[in-house]
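Peer 1: Spelled out from the first residue to the last, the chains are:
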Amino acid sequence: MSATPEARGGATILATFLVAIVLNILPGPSWAEPFLPDWVALTLIYWCMAAPQRVSVGTGWLLGLTLDVLYGSLLGQHALAKSAIAFVTVRLHPQLRMFPRWQQAVSVLMLLFFNQLLVAWIRGLTGHAPGTVAYWTPSIVGALLWPWLFVILRDVRRRAHVS
Amino acid sequence: MITLFGKPLRGPTSLTRLVLLVLLSIALLTLDHRGQHLEQIRAALKVVVYPLQVVASIPVAVYQHTREAFATERTLREQNEALTAERQTILVRLQQFEALEAENARLRDLLGSAARVADRALAAELLEVSLEPFSRRIVLARGTRDGVYVGQPVIDAHGIMGQITEVAPHIATATLITDPSHAIPVLVSRSGLRTMVFGTGDPDSVVVPYLTASADIREGDLLVSSGMGGTFPAGYPVATVSSIDNDPNEAFLTISARPAALLNHGKQVLLVWPGQGQGKSRAPTSAKAAP
Chain A
0 MSATPEARGG ATILATFLVA IVLNILPGPS WAEPFLPDWV ALTLIYWCMA
50 APQRVSVGTG WLLGLTLDVL YGSLLGQHAL AKSAIAFVTV RLHPQLRMFP
100 RWQQAVSVLM LLFFNQLLVA WIRGLTGHAP GTVAYWTPSI VGALLWPWLF
150 VILRDVRRRA HVS
Chain B
0 MITLFGKPLR GPTSLTRLVL LVLLSIALLT LDHRGQHLEQ IRAALKVVVY
50 PLQVVASIPV AVYQHTREAF ATERTLREQN EALTAERQTI LVRLQQFEAL
100 EAENARLRDL LGSAARVADR ALAAELLEVS LEPFSRRIVL ARGTRDGVYV
150 GQPVIDAHGI MGQITEVAPH IATATLITDP SHAIPVLVSR SGLRTMVFGT
200 GDPDSVVVPY LTASADIREG DLLVSSGMGG TFPAGYPVAT VSSIDNDPNE
250 AFLTISARPA ALLNHGKQVL LVWPGQGQGK SRAPTSAKAA P
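Going down the list, the protein sequences come from chains A and B.
Residues 0 to 162 (numbering that gives the first Met the number 0) are what the first sequence spells out, left to right.
Residues 0 to 290 (numbering that gives the first Met the number 0) are what the second sequence spells out, left to right.
Read the hints as simulated data drawn from the structure, not as lab findings.
Since the model is a prediction, treat every value here as computed from it, not as a measurement.
Glycine included, every Cβ here is placed at the ideal spot set by N, Cα and C.
Don't take every hint at face value.
Stated by the list, open to error - A partial selection of chain B residues facing chain A, derived with a Cβ cut-off under 7 Å:
1. 21
2. 133
3. 167
4. 202
Said to hold, decoys possible - Some chain A residues flagged as far from chain B (calculated, every beta-carbon gap over 10 Å):
5. 8
6. 90
7. 99
8. 113
9. 151
10. 160
Construct the complete structure from the given sequences, taking the supplied hints into account.
Peer 2: What follows is the structure, given as structure tokens:
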């Protein structure tokens with residue numbers, strides 16, 4: 000393969016995002032909805048922490064827009080939320096990288112809540128605010144999965160030598 | 000490094016990019032919410048992301064394939080017998096229905112009312128993808144090339160499911176009656192009372208919010224579509240009243256109803272063209288053989 004290391008890295012990052020998107024739209028029974036985390040948000044946070052010079056606000060926005068098209072929500076709704084959490088993660092990435100894993104998970108929890116808050120706020124402005132407490136549990140599940148997902152993505156990153 | 004007036008020029012900072020993208024997002028949201036200006040863009044983007052939806056629907060398709068492949072001959076024979084028996088019952092009721100339909104037409108003629116026309120129906124398969132969490136919508140494998148239009152009623156064998164809210168050439172999105180943004184005009188079958196049924200986001204129930212204590216409605220009443228507003232054809236089951244709460248502090252009754260259609264389990268649904276049926280037959284044209 001004549002692909003440069005940089006291109007290979009980019010392809011790896013893109014692959015992880017595609018997997019995350021598919022996981023987000025996998026069908027499940029409605030009782031399971033509160034327990035399914037936002038895989039795209041988690042993957043975005045990881046790459047913003049690990050490779051902030053490659054994955055940042057713009058990538059977050061594009062991911063959010065893709066989710067808007069797939070979810071059928073208003074264009075710009077998830078785009079805005081994802082670009083916001085990408086921004087915060089990139090700005091704080093030096094500190095986040097130094098945290099012990101559990102403290103990282105708490106920060107991830109805050110970021111995921113922030114993401115859901117922005118989406119809920121926009122939905123509220125357009126008339127369909129989510130009505131249940133169960134709306135927020137995916138963020139808790141996501142934060143709980145963070146240590147495990149971090150290790151997986153770190154292995155992927157190292158294998159593919161993504162800088 | 001490029002310099003301008005002695006200061007090094009760098010690319011836009013992340014803050015600048017954030018501000019620009021937030022403004023762009025707000026512009027998109029306003030355009031998408033207020034008007035239908037973004038339909039073309041959304042349709043084009045949908046085509047781009049379609050492969051992801053196909054990939055996401057593979058696990059369920061594989062599971063169903065495997066389950067069918069492993070079905071024993073005995074299971075299939077039992078299913079066959081049950082379906083044959085059900086078909087016999089339905090054919091008998093169809094004969095009675097045709098007689099009633101003829102009588103109805105004669106009576107309407109006597110009264111000078113317009114004749115009721117049958118509805119055309121087309122079966123559509125559900126694409127097994129999940130849309131935005133906590134919104135009650137489904138994706139169908141039919142689109143504008145099958146004549147599907149925005150506002151078209153979607154039903155299953157048991158009642159009304161919802162209406163089409165977005166179409167692309169090959170797929171369409173339907174909003175179910177349980178979605179918070181959906182309302183359908185109905186008729187209480189027993190008393191003739193006209194009212195509206197709203198979705199709340201709860202997958203298993205809908206509400207009837209604007210009735211006072213003097214309204215003639217009881218638990219167990221069947222709510223059928225009234226046909227008002229022209230979107231849904233009249234006479235199709237919508238929901239059955241499951242609970243009525245008369246709180247003296249509230250101006251209106253708190254009424255919950257259970258949707259008639261199997262909103263969360265169906266695999267095939269029907270798209271209806273009200274008033275375009277041929278003759279007396281109500282049999283829907285079937286989709287190409289389901290995998």
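Peer 1: Can you verify the interface hint for residue 167(B): is its Cβ closer than 7 Å to any Cβ in chain A?
Peer 2: Since the shortest Cβ distance to chain A is 11 Å, the answer is violated.
Peer 1: Decide, holds or violated, for the assertion that all CB atoms of chain B are farther than 10 Å from the CB of residue 160(A).
Peer 2: Nearest chain B Cβ is 25 Å from residue 160(A), so the label holds.
Peer 1: Grab the minimum C-beta distance from residue 202(B) to chain A and call the hint holds if it beats 7 Å, violated otherwise.
Peer 2: Status holds, d = 4 Å.
Peer 1: Minimum Cβ distance from residue 133(B) to chain A below 7 Å?
Peer 2: For residue 133(B), the interface hint holds, since the closest Cβ of chain A sits about 5 Å away, which is under 7 Å.
Peer 1: Was residue 151(A) rightly flagged as not at the interface, with every chain B Cβ beyond 10 Å?
Peer 2: 19 Å, holds
Peer 1: Confirm or reject: residue 113(A) is not an interface residue toward chain B, with every Cβ-Cβ distance exceeding 10 Å.
Peer 2: With a cut-off of 10 Å, residue 113(A) remains clear of chain B, as the shortest Cβ separation is near 13 Å.
Peer 1: Does the no-contact call for residue 99(A) survive, Cβ to all of chain B over 10 Å?
Peer 2: 26 Å, holds
Peer 1: Just double-check residue 8(A) for me: nearest Cβ-Cβ distance to chain B has to come out over 10 Å.
Peer 2: Non-interface label stands for residue 8(A): nearest chain B Cβ at 19 Å, farther than 10 Å.
Peer 1: Find the nearest Cβ of chain B to the Cβ of residue 90(A) and say whether that gap is larger than 10 Å.
Peer 2: Check fails; 7 Å does not lie beyond 10 Å.
Peer 1: Should the hint that residue 21(B) touches chain A count as held when the rule is a Cβ pair under 7 Å?
Peer 2: Holds: closest Cβ of chain A sits about 6 Å from residue 21(B), inside 7 Å.
Of the numbered hints listed earlier, those contradicted by the structure are 3 and 6.
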